[in-house]
Amino acid sequence: MATYSNPRMAYGEALVELGKEDPRIVVLDADLCKSTMSVLFQDAFPDRFFEMGIAEANMMSMAAGLAVSGKIAFTSTFAVFATGRAYDQIRQTISIGKLNVKVCGSSCGLSDFGDGSTHQSIEDVAIMSAIPNMTILTPVDAAETRLAVRAAAEHPGPVYMRVNRNPVLDVLTKDDTFKIGRHRVLREGNDILLLTHGVMVEKALAAAVLLEKEGLSAKVVSISTMKPFDYEGIANMARGMKGVVTAEEHSYIGGLASATALALRRSAVPLDYLAINDVFGESAHYPEQLQAAFGLTADNIANKARKLATAKP
Amino acid sequence: MIGKKKVTELRHLAAKMRRDIILMVGVGQAGHIGGSCSAADIVAVLYGHKIKHDPKNPKWEGRDKLLMSKGHAAIIQYAALAELGYFSTVELVTLKKLGSILQGHPDIHKTPGIEANTGSLGQGLSISNGMALAMKLDRKDNKVYCILGDGELAEGQVWEAAMFAGARKIDNLVAIIDQNGISAMGRVAERMNSNPLPEKWRAFGWHVLEIDGHNIEEIVAALDTADTIKGRPTAIIAHTIKGKGFSFAENQAAFHNGIMTQAQYELGLKEADAALVEFQLLETEA
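So the protein sequences, as listed, match chains E and H.
Numbered according to our numbering, the first sequence spans residues 1 to 313.
Numbered according to our numbering, the second sequence spans residues 1001 to 1286.
There's no promise every hint is true.
The calculated EDC-like cross-link candidates involving lysine to aspartate or glutamate, where the alpha carbons are at most 16 Å apart (straight line), are [as the list claims (entries may be wrong)]:
1. LYS20/E / GLU212/E
2. LYS1169/H / GLU51/E
3. LYS1006/H / GLU1278/H
4. LYS1136/H / ASP47/E
5. LYS1097/H / ASP1107/H
6. LYS98/E / GLU1283/H
7. LYS20/E / ASP43/E
8. LYS307/E / GLU154/E
9. LYS1169/H / ASP47/E
10. LYS1006/H / GLU1283/H
11. LYS1140/H / GLU1199/H
12. LYS1016/H / GLU1271/H
Calculated Cβ distances over 12 Å to all of chain H for the following chain E residues [unchecked claim]:
13. ALA44
14. MET59
15. GLN92
The set of hints was computed from the structure by calculation and includes no laboratory data.
In this text, a Cβ means the ideal position worked out from N, Cα and C, and glycines have one as well.
Input sequences plus hints: build the corresponding full structure.
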């Protein structure tokens, strides 16, 4: 029986766990703590929580000041504001300085479905990817989000992490571990390679089931670290496949599709992608409705995979 | 308060730093002479007298922190750091050369004594907030000093930081506004006029002091007063002259980031040496 858990809840709980173990952990939020769930840390460690008000730029630079003073600073706000409003602060002081600031991009992708284009981040991974010294984590579910928060704290230097707003399919098992830079194979297969991350993993797994009925075996892999991107590992996994399809809740520009194309630049294996098509989001009543409107469905992943597998060379 | 001897020593330090500026920038390369010379006396008092620091141990846990939010004036900070022994004064002439420890803007990984990467204007006060609150978390009795330009005050983030520091009553933070009145393209008052400054900072919950930013005694007195202010941060508005000390650069927007000709370079050295004469006489007497 499939179960679903909320990554942002896992984010808040993981912060509390870390806070108990390490007095260097501090958390900042820009008036969204009950949405990002950093409120859990505020309740547990009020002295190490900073409510910054609606001032993301000041929050990010202040996190830099805390980090350069020996703290491990987690900043929490929506992905679109963290990477847009506070881009320069992340670039100039945090990333050039290689400071221990962890940027939580909450309500990532289309997951803030109701609030529309201004609140949906379709380009956050692209923006963050272009910054030297930045590490980007795109955990697949709540359990991996929990592990990713811990890995981010242990990693020296800036980290950007996508956190989904809505419950997502639980895919990790109890004993799974997390290592920055390592992809996660969720299903083995040898005809089609499906690369994905975050909320789209559930669709990729569903697509694999559809393909199996047609005699195509799909390997499903979560790319839980978008930077440093595992170019070599992905090229190796693609070898011998009939095709590779990427699926992401992000623009095809500067995300998983782009990075995979680079990984396969010397490969003869055909590649296709499912992503947001260089357009902004919009409001919907349900996240699935919005994903469907943007074509981010299991059926579309399966269709693209089938086309690659059956194409005449 | 400080004695006459100390005042002379700090004036001497500032004069040496101004001479360093001319040597560092040299001929044919752009350098931020204007905003560096307006801040020279403030920087000399901070490093030469006020802040707790150890040039032989730049990362000393017990140090105060000095941030140049107007990062383009890094060269005056480099001059002070070299004069006080963070690194050799010989390094100064490598300014902005490929591979130099002295970058165009402050870099924590390249220059000993630099506390944060600044240069994208308007961010230093926010960074200072974080440093000051970290000191409070660590129960350290230290202070953060942040130097801002009056042109820089056009950046909205400065006011986010000012509002935050006032609201959080960050009283181990001192902002020093180097009000030289001129930004890159001309007079601040004719662009985004940041005046009136005292009223603005007071409204944001700061204790405000106004001084002549080239008067050593006034700078020292204001910094000492800031030590006595509890429950709110202190803003020192320092009235200064852009390019102070060099006839060709004073009050010239062109020397915000100007290129010296050979003649200007020689004149600069001559004026810097003239300013140093009185101290050499004192040294001879001693």
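Evaluation of the provided hints:
no.	hint	result
1	LYS20/E / GLU212/E	46 Å, violated
2	LYS1169/H / GLU51/E	14 Å, holds
3	LYS1006/H / GLU1278/H	15 Å, holds
4	LYS1136/H / ASP47/E	10 Å, holds
5	LYS1097/H / ASP1107/H	14 Å, holds
6	LYS98/E / GLU1283/H	45 Å, violated
7	LYS20/E / ASP43/E	12 Å, holds
8	LYS307/E / GLU154/E	43 Å, violated
9	LYS1169/H / ASP47/E	15 Å, holds
10	LYS1006/H / GLU1283/H	14 Å, holds
11	LYS1140/H / GLU1199/H	31 Å, violated
12	LYS1016/H / GLU1271/H	11 Å, holds
13	ALA44	16 Å, holds
14	MET59	8 Å, violated
15	GLN92	4 Å, violated
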